[in-house]
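Enquirer: Mapping of the sequence shown onto this note's numbering: residues 1291 to 1421, in sequence order.
These aren't lab readings, by the way, just hints derived from the structure by calculation.
Nothing false has been slipped in among the hints.
Below, computed lysine to any residue pairings styled on SDA-like, alpha-carbon distance capped at 20 Å:
hint, residue 1, residue 2
1, K1324, I1363
2, K1332, P1320
3, K1407, I1363
4, K1332, I1363
5, K1324, H1367
6, K1349, A1413
7, K1332, Y1322
8, K1349, F1417
9, K1349, L1416
10, K1407, N1353
11, K1332, K1390
12, K1332, M1380
13, K1407, F1417
14, K1324, M1380
15, K1324, V1365
16, K1332, H1367
Owing to the predicted nature of the structure, the values given are computational and were not obtained by experimental measurement.
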Amino acid sequence: MILKLCGRKLARLFDGPELPTSHAELNVYPVYSKTGRRYIAKVSPGGGLETSLLLQAKKLRENGTLEDACLPILVHHCYHHMSSTNLLVMEYCEHGTLEKLIVANGTVPMHRQHIAKILRGVATALFFLHS
1291 MILKLCGRKL ARLFDGPELP TSHAELNVYP VYSKTGRRYI AKVSPGGGLE TSLLLQAKKL
1351 RENGTLEDAC LPILVHHCYH HMSSTNLLVM EYCEHGTLEK LIVANGTVPM HRQHIAKILR
1411 GVATALFFLH S
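Kindly produce the complete structure, drawing on both the sequences and the hints.
Expert: Structure (structure tokens):
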């Protein structure tokens, strides 16, 4: 149901394959902006921690307080209250999940400054959540 309702909103912003009609068909699928940039649309249960954190990160980024956190950017969010389900549109991460990257390479080669930037973002997020 959320895919039908939010799909119309999404179609105005993004081009992509026909949206699945049920949650069982697919949970994550690619969509493309009108300019051709690739994004990921994800169906997520309402009240989940993932959605809360992404919405908080988006709010902090918009306020300019979390500029350097390495989090996927939430581009669009649609909530369907009848099914308590979220439709999230996020930036596309080219290398897949971190788990797949580690399995494929054995390690994730990163520069120390990049690791420090990620840890600073995590520490800032933890500080925000606990304050």
